[in-house]
Amino acid sequence: MRIGAHVDSTDPLGAATARDADTVQFFLTDPQAWKDPVPRDDAEALRASGLDVYIHAPYRINVATLNNRIRIPSRKLLMSHAAGAAAVGAKGIIVHGGHVEKVEDIATGFDNWRKAFEYAAKAGGFATPVLIENTAGGDNACARRFDALARLWDAIGEFEPGFCLDTCHAHAGGEDLLTAVDRIKAITGRIDLIHANDSKDDFDSGRDRHDNLGSGRIDPELVVAVVRAAGAPVVVETPGGVEGQAADITFLRDRVGR
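1 is the number of the first residue of the sequence shown in my numbering; add one for each residue after it.
Quick caveat, the hints were computed from the structure, so don't treat them as lab data.
It is possible that some hints are incorrect.
Mimicking DSSO-like on lysine-lysine, the simulated pairs with C-alpha atoms at most 30 Å apart in a straight line are [claimed, not checked]:
no.	residue 1	residue 2
1	Lys115	Lys102
2	Lys91	Lys76
3	Lys76	Lys185
4	Lys91	Lys115
5	Lys35	Lys91
6	Lys102	Lys200
7	Lys122	Lys35
8	Lys76	Lys200
Take the sequences, apply the hints, and build the full model.
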């Protein structure tokens with residue numbers, strides 16, 4: 001079982017060592033900015049490190065929206081960050097499922113996701129596998145509720161996207177973690193990565209606030225059960241810096257094994 005953490009992009013290799021991590025995830029740019037990534041001095045070292053590297057796409061990206069001023073730059077930015085992820089040897093680039101402005105727009109949101117993959121295909125496809133992540137909030141979200149996720153996969157499944165299951169997001173999004181893995185695999189056929197996070201908020205709160213395992217509102221053994229059932233690499237996106245994340249990694253290893 002490959003377990004690690006989301007870390008600052010300044011020195012991901014050093015951060016991984018400090019946490020005794022097998023996997024590492026980071027942003028290539030400010031996650032709130034519309035910026036293309038630039039070549040990294042540590043790209044070769046990351047590729048040769050033996051770590052499972054994952055890149056998280058900027059939060060700004062929303063390829064589902066009907067707002068062309070956001071949608072069109074979003075799909076271009078996803079392309080450039082996928083290329084940047086490939087340059088550091090990443091196994092995938094994680095991107096949130098996005099949302100639309102009104103509930104009646106949701107079908108168009110799924111179609112816009114399809115257009116994003118078609119746009120990429122015309123340029124030879126995404127340079128790194130795209131892992132779509134379930135989200136915690138939004139009544140008009142494309143990947144909060146699993147029924148919406150099924151409609152999304154109906155639209156894009158032929159492009160073979162990957163999936164990232166976030167335990168905090170599922171809990172806050174109102175989806176039962178006990179059955180989440182089986183239900184997701186029935187829709188997507190796969191889970192490529194687990195974001196193993198506790199939640200500061202109650203079930204179905206719609207709030208995306210992560211906590212350390214055992215410190216929030218999710219039974220930590222339920223997170224362990226999800227990790228076991230999924231059989232996928234794990235990234236903790238939890239607070240507390242080196243100490244907090246190292247404790248979460250150790251907690252999972254003690255219960256799931258290396």
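Now the hints, each set against the structure:
| no. | hint | verdict |
| --- | --- | --- |
| 1 | Lys115 to Lys102 | 19 Å, holds |
| 2 | Lys91 to Lys76 | 20 Å, holds |
| 3 | Lys76 to Lys185 | 29 Å, holds |
| 4 | Lys91 to Lys115 | 23 Å, holds |
| 5 | Lys35 to Lys91 | 21 Å, holds |
| 6 | Lys102 to Lys200 | 28 Å, holds |
| 7 | Lys122 to Lys35 | 22 Å, holds |
| 8 | Lys76 to Lys200 | 34 Å, violated |
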